[in-house]
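Assemble the whole structure, with the sequences as input and the hints as a guide.
Every letter in the sequence shown is one number past the one before it in this note's numbering, and letter 234, counting from 1, is 281.
No wet-lab data here; the hints were simulated from the structure.
Not one of these hints is a red herring.
Quick list of simulated restraints, FRET-style, between CB atoms:
#: 1; residue 1: E327; residue 2: T559; range: 50 to 60 Å
#: 2; residue 1: I56; residue 2: P574; range: 21 to 31 Å
#: 3; residue 1: A606; residue 2: N407; range: 16 to 26 Å
#: 4; residue 1: A506; residue 2: D399; range: 37 to 47 Å
#: 5; residue 1: I56; residue 2: G340; range: 44 to 54 Å
#: 6; residue 1: K708; residue 2: P685; range: 26 to 36 Å
#: 7; residue 1: R245; residue 2: V576; range: 15 to 25 Å
#: 8; residue 1: S55; residue 2: D555; range: 31 to 41 Å
#: 9; residue 1: T667; residue 2: Q603; range: 21 to 31 Å
#: 10; residue 1: R92; residue 2: A393; range: 22 to 32 Å
#: 11; residue 1: E377; residue 2: D651; range: 38 to 48 Å
None of the values given here were measured: they were computed from a predicted structure.
Heads up, the beta-carbon is just placed ideally off N, CA and C, and yes, glycines get one too.
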Amino acid sequence: MASESATSIHARTCHLCEANCGVLVEVQGRKTVSIRGNPDHVLSRGHICPKATALADLQDDPDRLRRPIKRTADGWQEIDWETAFAEIGARMAGIIASGGQPALYMGNPNAHNYATGTQTGVLRKALGVRTLYSASTLDQIPHQLVQMWMYGHNALFPIPDVERTHFMLIIGGNPLASNGSVWTVPDVKKRLKAVQARGGQVVVIDPRRTETAKIASAHHFIRPGTDTALLLALLKALDEAGLVAPGRLAPMLDDGWDAAWQAIRGFEVAPLAAHCGIDEAVIRDLAAKLGSGDPAIVYGRMGVSVTEAGTLNLWLIQLLNIATGNLDREGGVMFSSPVVDLVAGAGPGTYDRFRSRIGNRPEVISEFPCALLPEEIATPGEGQVKALVVISGNPALSAPGAWGEALPQLDLMVSIDMYVTATSAHAHYILPPCGPLEKDHYPLLLGPIAIRNYADYSAPTLPMEEGAKADWEIVAELARAILAAKGEAVPNIVPPRAVLSSMLARSDYPVTLEELEANPNGVDFGPHVQRLPERLQTPDKRIACAPPLCLEALKQWRADLAQVPEGQLLLIGRRHVRNNNSWLHNSPRLAKGPDRCTAMIHPDDAAAHGIATGDQVRVTSRVGSVQLAAEVSEDVMPGVISIPHGFGQDKPGTRLSVAAKRPGVSLNDLTDPAAMDPISGNAVLNGTPVTLEKVEQAVAAE
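Put into structure tokens, the structure is as follows:
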């Protein structure tokens, strides 16, 4: 038997963000001695960001729940698993039998957890819900919707081939902070610098001079929410310069190609340039670089997605990559050949099969807008949400809406969460999963958007603590308890490892789960290759270039163009590499350093309001107001205020002792829940109109 004092090193994947970096975890018994980058990992090549070290903090956090807890009149009470499942099952069955509507919310960490995803279908069946609510409608649902319409499947993500490109235009993205974002690309800084080292360029368009912008070849400020004007101007400039050249894509374009250009040609570059605040000469130069014939990429992320024109923007980005011949091209944007192919294994997606009770919003890929859920809970009537299950999410901080008022109105709320957060504090039951180093990992959703075709399976680093359960076990047993209480058939649990093994058996690659487990550094299956037209899932195997709702949205955008008010202060978020939404704020290693929850303000706006760095300021929107310290900086453009996302860890009932020392304020206390992309239902988190004032500090009498 191994000595308790002996140390061992385990190779695994850090699953805290999209980069999926390989790490080497040194443990002594159950104590984590060190976490460092794995130089032999096929994708990350030794790179890690500061978040990887937080795996140890999460694993050993004294604030992390180890057993189920139940809300009582005297506070939280620890209970056993069997009792928790039995009580929840009975209560949920009773609510459903009496006509109460249950709902399911899935937070962003679920995209990093293949195992839970293998069980959620049974839970949805047990709850009887047609749709779910998730972080997708706070993020990337416009990407998926446009991909479904144009390429025939919502999971056909065009992936920037950064390692072979000559020119990359990044609009509203900050991959140095996000480690990618809908793009699994560890060590992105080195990869972007390599573009420049081989004579290429990286250009960033953003209202803030981000970490990525600071290493770019050029950066241009853009007024928040005006990306549509820039994208249209680039397309029109390409057309006027005779640089529209789809090349080998031409036979794959349907008749919508002509319809799209007919609409685009109704615009002029100069007024579009004036609207977005980027010089016409700059736009024409960017268009010339994109249309030069050399491999080029247009990559747009949160800044273009979380706007009222999110779906419209993502459509125009696809048109730019098609128009320059850079879709399905080495050095352009390419489609992966994943080991586990979600495109082949799941339906293409759905749209507007039915509508939401509140707001009459269309269903989008089986989801309703997350921002609607508080109203669905608080509004009486048939279909009112009376019970809610939240899996690994904290929408009370990460989503707009009056969550603090709505959640206490539920007859039953169950949170599957490691912590008592701003959201789970309102639950009747909290069911905590095991620690992160006690789980296995496979990049089921993130592998297909990686910069190379690869596979990587990580076995658990540590054995599970006695009495603990993994997320997937909790979801599966909860579903079984609800079905049993409803008197319905209870299926056997199929463990995720068995599901994954079956998926791999159907793969086009000759690899087994056992072989992957024996190669903890991952297995590289090579760079992306051209996949069109066979990869298209449209009925006619052609690209649907002009989705009708996108054409309608463009017509409406043009009609509204003159109505955009000038002179307003506009709010944007920001992200730091040491944070990931709201769920890493209790790591001592990540929380240290300067206060990051500040209101970043341009010197001109600060001077106009008599504000200096360190002053307390009040930022107010239509729906709320927050107070925080000012940070005067030329890194943000005039007329824009930037407050980071994910803070506000002092909401009532929260039990996060490290985060509580510097809780910050919640950006979403200012975000208007009524503001949505009308097509996708994605929340508008970028460009919120706000006012600014200095908070005069009272001086104590001597």
